[in-house]
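Going line by line, the protein sequences match chains A and B. Counting in the UniProt record's numbering, the first sequence runs from 1 upward without gaps. Counting in the UniProt record's numbering, the second sequence runs from 1 upward without gaps.
The hints are simulated quantities; they were obtained by calculation from the structure and are not laboratory data. The model shown is predicted, which means the values in this text are computed figures rather than measured ones. For each residue, glycine too, the CB sits at the ideal point set by N, CA and C. Mixed in with the good hints, there may be bad ones.
What the hints assert, rightly or not - Over the 12 Å line for every Cβ pair with chain B, so calculated as not near, a few chain A residues: (1) Leu11; (2) Glu62; (3) Phe80; (4) Gly94; (5) Lys196.
Unchecked claim - Per the computed footprint, the stretches of chain B lying under chain A, defined by three or more beta-carbons under 8 Å from a beta-carbon of chain A, are: (6) 131-141; (7) 225-234; (8) 273-279.
Here is how the chains run, residue by residue.
Protein chains: 2
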Amino acid sequence: MFKINENYLKLPGSYLFSTIAKKVAAYTEANPDRSIIRLGIGDVTQPLAPAIIDALHSAVDEMAHAETFHGYAPDLGYEFLRSAMAKNDYQSRGCEIQADEIFISDGAKGDSGNIQEIFDQDNKIAVCDPVYPVYVDTNVMAGRTGTYDPKSEVWSDVIYMPCTADNHFVPELPKEVPDLIYLCFPNNPTGSAITKDQLQVWVDYANQKGSVIIYDAAYEAYISEDDVPHTIFECEGARTCAIELRSFSKNAGFTGVRLGATVIPKELRCGDVMLHSLWARRHGTKYNGAPYIVQKAGEAVYSEAGKAQLKEQIAYYMRNAKTIYGGLREAGYTVSGGVNSPYIWLKTPDNMTSWEFFDYLLTKVGVVGTPGSGFGPSGEGYFRLTAFGTYENTLAAVERIKHL
Amino acid sequence: MFKINENYLKLPGSYLFSTIAKKVAAYTEANPDRSIIRLGIGDVTQPLAPAIIDALHSAVDEMAHAETFHGYAPDLGYEFLRSAMAKNDYQSRGCEIQADEIFISDGAKGDSGNIQEIFDQDNKIAVCDPVYPVYVDTNVMAGRTGTYDPKSEVWSDVIYMPCTADNHFVPELPKEVPDLIYLCFPNNPTGSAITKDQLQVWVDYANQKGSVIIYDAAYEAYISEDDVPHTIFECEGARTCAIELRSFSKNAGFTGVRLGATVIPKELRCGDVMLHSLWARRHGTKYNGAPYIVQKAGEAVYSEAGKAQLKEQIAYYMRNAKTIYGGLREAGYTVSGGVNSPYIWLKTPDNMTSWEFFDYLLTKVGVVGTPGSGFGPSGEGYFRLTAFGTYENTLAAVERIKHL
Numbered sequence: 001m002f003k004i005n006e007n008y009l010k011l012p013g014s015y016l017f018s019t020i021a022k023k024v025a026a027y028t029e030a031n032p033d034r035s036i037i038r039l040g041i042g043d044v045t046q047p048l049a050p051a052i053i054d055a056l057h058s059a060v061d062e063m064a065h066a067e068t069f070h071g072y073a074p075d076l077g078y079e080f081l082r083s084a085m086a087k088n089d090y091q092s093r094g095c096e097i098q099a100d101e102i103f104i105s106d107g108a109k110g111d112s113g114n115i116q117e118i119f120d121q122d123n124k125i126a127v128c129d130p131v132y133p134v135y136v137d138t139n140v141m142a143g144r145t146g147t148y149d150p151k152s153e154v155w156s157d158v159i160y161m162p163c164t165a166d167n168h169f170v171p172e173l174p175k176e177v178p179d180l181i182y183l184c185f186p187n188n189p190t191g192s193a194i195t196k197d198q199l200q201v202w203v204d205y206a207n208q209k210g211s212v213i214i215y216d217a218a219y220e221a222y223i224s225e226d227d228v229p230h231t232i233f234e235c236e237g238a239r240t241c242a243i244e245l246r247s248f249s250k251n252a253g254f255t256g257v258r259l260g261a262t263v264i265p266k267e268l269r270c271g272d273v274m275l276h277s278l279w280a281r282r283h284g285t286k287y288n289g290a291p292y293i294v295q296k297a298g299e300a301v302y303s304e305a306g307k308a309q310l311k312e313q314i315a316y317y318m319r320n321a322k323t324i325y326g327g328l329r330e331a332g333y334t335v336s337g338g339v340n341s342p343y344i345w346l347k348t349p350d351n352m353t354s355w356e357f358f359d360y361l362l363t364k365v366g367v368v369g370t371p372g373s374g375f376g377p378s379g380e381g382y383f384r385l386t387a388f389g390t391y392e393n394t395l396a397a398v399e400r401i402k403h404l
Numbered sequence: 001m002f003k004i005n006e007n008y009l010k011l012p013g014s015y016l017f018s019t020i021a022k023k024v025a026a027y028t029e030a031n032p033d034r035s036i037i038r039l040g041i042g043d044v045t046q047p048l049a050p051a052i053i054d055a056l057h058s059a060v061d062e063m064a065h066a067e068t069f070h071g072y073a074p075d076l077g078y079e080f081l082r083s084a085m086a087k088n089d090y091q092s093r094g095c096e097i098q099a100d101e102i103f104i105s106d107g108a109k110g111d112s113g114n115i116q117e118i119f120d121q122d123n124k125i126a127v128c129d130p131v132y133p134v135y136v137d138t139n140v141m142a143g144r145t146g147t148y149d150p151k152s153e154v155w156s157d158v159i160y161m162p163c164t165a166d167n168h169f170v171p172e173l174p175k176e177v178p179d180l181i182y183l184c185f186p187n188n189p190t191g192s193a194i195t196k197d198q199l200q201v202w203v204d205y206a207n208q209k210g211s212v213i214i215y216d217a218a219y220e221a222y223i224s225e226d227d228v229p230h231t232i233f234e235c236e237g238a239r240t241c242a243i244e245l246r247s248f249s250k251n252a253g254f255t256g257v258r259l260g261a262t263v264i265p266k267e268l269r270c271g272d273v274m275l276h277s278l279w280a281r282r283h284g285t286k287y288n289g290a291p292y293i294v295q296k297a298g299e300a301v302y303s304e305a306g307k308a309q310l311k312e313q314i315a316y317y318m319r320n321a322k323t324i325y326g327g328l329r330e331a332g333y334t335v336s337g338g339v340n341s342p343y344i345w346l347k348t349p350d351n352m353t354s355w356e357f358f359d360y361l362l363t364k365v366g367v368v369g370t371p372g373s374g375f376g377p378s379g380e381g382y383f384r385l386t387a388f389g390t391y392e393n394t395l396a397a398v399e400r401i402k403h404l
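The task is simple: from the sequences and hints, build the whole structure.
This is the structure in C-alpha cells:
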C-alpha cells in the first residue's frame, strides 16, 4: 500500500494568500453591494508596458511560421535573455556574474520553493521573522523543520531571526549557526531595506561559517536610496556563499506572465561539487524551460524603450507607496517600509491581532490587506499594505482608513 | 557547514538529451559542412496552428490594458481551461472527471518529476524498461531508488518491468508489489500502445494491491486504433488508483509554449487524505500558475477551428511515422511503434549497441536518433526515431538510412 509524504500534514492551515482569498470571497458573497479595495496580495494592476507587448506580439508571429518557430527552449534559458540579465543586472553594477551563471525559470516563487532540494535533508535553515511563507513551507514539505508548536507558531528546527521595530526590521546574526540563510531585501513583508554595509556583514558571516545565503532580490527595482544594494553580488565574497533569486513580477508586472531567474556563481561549492552543477541537473531533469515568447518579453525589459516605460511604472507604484505611508502616518499609525519597497508595514492599532485588524478593515471599510502574523510569529500585531493597486483605489483606501 | 543533497551525485552521467545535444554539437563543430537531420529529441517542427496564434495575439492585447490585464493566475489554473479539458478530454469520452480535478501546469515534464514529492520517501516505484528518464531520475534525486549498479545500469530499489519484443512492449504485472507504478501509453520510447482491456488489468491490480498508477498520456492524440484508450479514466475503477499527466506539447506543438495538466480524482485517497489536497497544496506553495496568455492558447486547442487544424497537424506527423516505419522495414530493419504513436522503435542491426548505432548513424549519414539504452537496460540494442521532423527531412533521413 502506497503512503503519502506525511510532512504535508504538518503544515498548519492553508497557504496564507489562499486563506485571504477565501475570506474575501465569503465576505463579497454575503455583501455583494460593498466595494472592496484589494491592497493585500502583491499582485500588480498596471498593464504590460508597450515595449513588452510589442515583443510578445512579435514572438507570437515567429511561432506561426516553421522557419521561425521555437520548440523546446534550452534547459537553462535562451542566451539572449541570460546575456541581457548578466549585462544589465550585474555587470553594469560592477558585479562579475556571467550569463551562464543565470538560470531562467518561470518565476521566483517556484525557484524559492525548489532551491532547497539541492541541499541535504539535515541542513538547518534560518529565516527572518516575519517572512514570505514559501521559504518555510517548502522546507516543511521536505521534512527539514522538525515539529510545529501551534501555540507559538514556531517550528522546532528552524532558526527564526526576528525583524521588529527594535532592530529596524533588519535581522541580527543568529546565535546558532544555520546552514541555509534566507534573506529578502527590500523585504517582503516589512518593506524594509538593508544597506550594503549591513549585507556585507552577512556575506562575511556566511563565508566564515560555511553557510549559504539564499538572497531574494524580487523587489530591487523599488530601491530609491543609494546605499541599498540591488544585488548581493555587490558585496565582496558573495560569489562563494550566495544564491540570488530574481523576479520579473514586480519590476515589469509579470505576475501573470511568469518569468524569473536564479543566479548561482560557479565558485559556490561544497567540497569539489559546484551548486551550479546541481541546479543545472535539476533544471535539466524537472523543468523544460520558460516559454520562448515569455523570454522574448523578458528581453524587452532590458531594451531602451522597456527600461524607460518600466521606470515610469515603478514611479507610479511608488507614488502609491508614498500615499499610503503619508496617509497612515497622518492618521496616527506607526508605519515603516514604502521607501525602497512597494510594501507598507504598519502596527495594528489598539493591540488588535493581525487577523482582527484584517477582519476590521475588511468589514468596516472594505479594504483588504495582509495580516502580519501570516508571515511568522513576529509579524503578529502588524499588517501589510501594498502599493500595487491603482492610484485611484490607493487614494480611496487611504481615505477610508483615515476615516475609520 | 552546509551539505548538499548527496542523491544528486548518484545520478549516472547527465540527462540523456543533454548528452545527445553535446555529441551533435561536437560533431557539427568538427564537420560544419555536413547536413544533419534530427529525429532524436521529441521536439516538434510545425508552427503553432492559426487558431492558437489568434488566441495568443488576442490574449497579449488583453495584457496591454488595465481593464483586461491579468496578474497572478488562479493557483490551479483558469476555470475556462480546466472546463474545456474536463469536457473535451474526459466527459466527451464518458469519463467522470470534473474541472476541479484538473491542475494546470507548465508541462508534463515538470509534473512527472514533481508528482513523487507527495509520496512517502519509502514508497517503491515500478517503471517500464525502457522508460522516459525523468521518472527514475527524479526519484533518484528524492533518495527513493537505492544504489546504482553501473554494470547492469539498474537501481537496487526500483522495480523494472521489461518491455521487449517478447511481450510486444507491454509490461507484465510485477512480481514484487510496487507502491507507485509509472505507465506511459502510447509509450515513449517504444511507440507501443496498450488496449483498454490490457490497461484494465493494471487498474484492477492497483486497486487490489493499494498502488497508485501515474499514467502519462502525453501521446494520446496519436492514437489511431479503436481499442486503445485515450485516458486511463476510461477504465473502471481508475478514479481510486490513478493520476493522469496530460501534455499540450505533442497534440498542439506546445514544446516551446509550455502547458500541461495533472488529473487527480477526489476518490484517490490514502486513509482519509485526498491526494488531490496534497497536490493542491504543492501547487499553491511552489507554483504560481501557467501564464494567462498560454492558458488562452490552451483553450484554443479545444475550439472548433483549433481541433480541425490540429487534426491536420497530427496527420502530418503520422505520415512521417508511416514513412519511417515503412522505409525501415523495406530496408530490412525490425521496427515497431508508429501506429498509435509518433515514435518508431527499431532493433539496431549487426548487434550494435544503441550508442554505437547512434554514432554510426550520425557519422555515416548525419541522422540523429535516440539510443534505446538511454531509456533503461532493456532499451539496449534498440533505437528511437521520431516523426516530429518535417516531411522533407523525414523522407531524406529514410533515404539516407536505406542507402547505408
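Hint check:
With a cut of 12 Å on Cβ distances, Leu11 of chain A falls inside the contact zone with chain B, its closest approach being about 7 Å. Not every C-beta of chain B lies more than 12 Å from that of Glu62 of chain A, the closest at about 9 Å, which undercuts listing it as non-interface. Interface exclusion of Phe80 of chain A from chain B stands, the closest Cβ pair being 14 Å apart, more than 12 Å. Chain B leaves Gly94 of chain A outside its interface by the beta-carbon criterion, the shortest separation being 27 Å against a cut-off of 12 Å.
The non-interface label for Lys196 of chain A is consistent with chain B: the shortest C-beta to C-beta separation is roughly 24 Å, beyond 12 Å. Judged by the Cβ-Cβ criterion of 8 Å, the segment 131-141 of chain B is covered by chain A as claimed, because 5 of its residues qualify and three suffice. Counting residues of the segment 225-234 of chain B whose CB lies closer than 8 Å to any CB of chain A gives 0, so the stated coverage by that chain is violated, three being the minimum. Residue count for the segment 273-279 of chain B with a Cβ under 8 Å from a Cβ of chain A: 3. That meets the three needed, and the coverage hint holds.
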